[in-house]
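Engineer: Spelled out from the first residue to the last, the chains are:
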Amino acid sequence: MMASRTVQHNWNLDLCTYFLNSSLQLLWTHREDFQRIPELAINPLGDRIINAFFSEGEDQVNFRGFMRTLAHFRPIEDNEKSKDQNGPEPLNSRSNKLHFAFRLYDLDKDDKISRDELLQVLRMMVGVNISDEQLGSIADRTIQEADQDGDCAISFAEFVKVLEKVDVEQKMSIRFLH
Amino acid sequence: MFLLLPFDSLVVNLLGISITVLFTLLLVFIIVPAIFGVSFGIRKVYMKTLLKIFQWATLRIERGAKEKNHPLYKPYVNGIIAKEPTSLEEEIKEIRRSGSGKALDAPEFELSDIFYFCRKGIETIMDDEVTKRFSAEELESWNLLSRTNYNFHYISLRLTVLWGLGVLIRYCFLLPLRIALAFTGISLLVTGTTVVGYLPNGRCKEFLSKHVHLMCYRICVRALTAIITYHDRENRPRNGGICVANHTSPIDVIILASDGYYAMVGQVHGGLMGVIQRAMVKACPHVWFERSEVKDRHLVAKRLTEHVQDKSKLPILIFPEGTCINNTSVMMFKKGSFEIGATVYPVAIKYDPQFGDAFWNSSKYGMVTYLLRMMTSWAIVCSVWYLPPMTRQCDEDAVQFANRVKSAIARQGGLVDLLWSKEGEGERYIQGGATETLQQNDCRQP
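Which chain is which? The protein sequence lines are A and B, in order.
Going left to right, the first sequence walks through residues 6 to 183 as this note's numbering numbers them.
Going left to right, the second sequence walks through residues 7 to 452 as this note's numbering numbers them.
No lab work stands behind these hints, which were simulated from the structure alone.
For every residue, glycine included, the Cβ atom is placed at its ideal position computed from N, Cα and C.
Worth double-checking, as some hints may not be accurate.
Okay, the calculated bits of chain A under chain B, using three or more residues with CB under 8 Å as the criterion [what the hints assert, rightly or not]:
1) 39-46
2) 50-57
3) 60-67
4) 120-130
5) 141-151
6) 162-169
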């Protein structure tokens, strides 16, 4: 467990040097600082990703919080799979990565993706070219395929089940060039 | 002891003669042309010679590196993280196209589609295109300045000798010469403008003031060995207008002001800058703000508007980026100067980094270190394009106007236009704005 923490800490330090060099040594980051990144502004999920950094009701994030959120995107190392299971799960485990994505859908944080929440994300991604009915039918079909307990919403467990064949590790990890 | 005496006076005589000769040469070849605005073309010949030497040096390094299998240059260009080759805009278009065209097929959507956007978003937070613009550019060829090639290993004797010779020339010959010129230029400016300030207001004063300013800026240009090429000089800014340009270094002011007579805008400084500012304002109405006034945007806008509306006053020179950029791209312009409602004369400045990198990384170097670096480079080579004037159209607001001017400058200077539009939730990713139509449909109050 100590070794895995050290590896995580080192990875964070790589980011640490870059961040401090490039950002005028702010200790607190606000929403507006993220919104100034042009490529984030045109990303359909830009606002949601920014929200993921801030805790409930908070308007600023410190460096530790920033790193905790970014740590979800650390690649899963092979030698960590054999670490002891008693310690807290590392932030970049498959389950935590999926949880991060789940929170992008689940706005009201009730641990369920409702039809409305799914519609909102769909609308953000596909833009204005598709009619509401078409969008609604896509959302219904998606929920139908995923829903197992019949509550017309997708819970986290159902989310994980639908995505069990997807290579989450590759899609939700960022590697450094050295 | 007797033998020493005549020898001593001989040395002293020689020294005296050589200094006199040096200063005469200085006067004839540098200052006199500066006064009259003509040029002997010495700097261009100097530039061509240097280019030939650099080519040889670069080829020699490449050959040497291949022989020894050394890595040539610091791999900086691609950033710190591995990015996917697909671009965000293309993916967005891909997703949105699948809905509109084919009416019968329902567009495909998976819950995992958001992974791509999520990851792209986090990638840009870690390493975005914008922050990269604030570090100096890395060069492809070596210009015998060790500051631009961090991996300089010992390759050959000839190259090292050449580099050593270069250091000697730059620090022992060029640097004192340039410092002397700069000193001359600045003191002439201060005394000249103070003297002109005592004259009564009128055509004579204006004429003299203009020529004093131009002369001193030209001397300063030669003090930096700046080789400037001006394009489209018929579009130069006129009275009652605002001249906007992209900003790479404090030298931009000297470069533009040596070709035209502008009213400067800026904050009052202390020290030498303060002395220069106070002297300049005696001869011609520049706009200097106190520190406290700078924060008050309305006051600033009001003073600038007053200045601009007086048609007899000079065009104002403004750098809307607000800070120094490394001359590979143009950042978002601050909209303040575009709200005033005057004609805007855009100017694009592009430096050639081969002879000396003019970018001022203010977080890395202070002003004195920066000037020292400038004066020990080979030369500052740049091109200035004067673009046709633009005015704000009826249906644009200040921000759109600013972006239009910015695109024109970026396109002309061959710089990347870092521009995005917030309209329509990122549906338009603009590369280069609308054509600058010269419809005189402007909406200023008469």
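Engineer: Run every hint past the structure and note whether it holds.
Structural biologist: Now the hints, each set against the structure:
1. Counting residues of the stretch 39-46 of chain A whose CB falls under 8 Å from any CB of chain B gives 7; the rule of at least 3 is met.
2. Interface restraint, the stretch 50-57 of chain A with chain B: holds (3 residues with C-beta to C-beta distance below 8 Å; minimum three).
3. Here the stretch 60-67 of chain A counts 0 residues with a CB under 8 Å from a CB of chain B, which misses the bar of 3, and the coverage is violated.
4. Taking a C-beta to C-beta cut-off of 8 Å, the stretch 120-130 of chain A contributes 4 residues in contact with chain B, enough for the three needed, and the coverage statement holds.
5. For the stretch 141-151 of chain A, the stated coverage by chain B holds: 4 residues have a C-beta nearer than 8 Å to a C-beta of that chain, and at least 3 were required.
6. Note: the stretch 162-169 of chain A has 3 residues with beta-carbon separation from chain B under 8 Å; the three-residue rule is met and the coverage holds.
Hint violations for this structure: number 3 only, all remaining hints satisfied.
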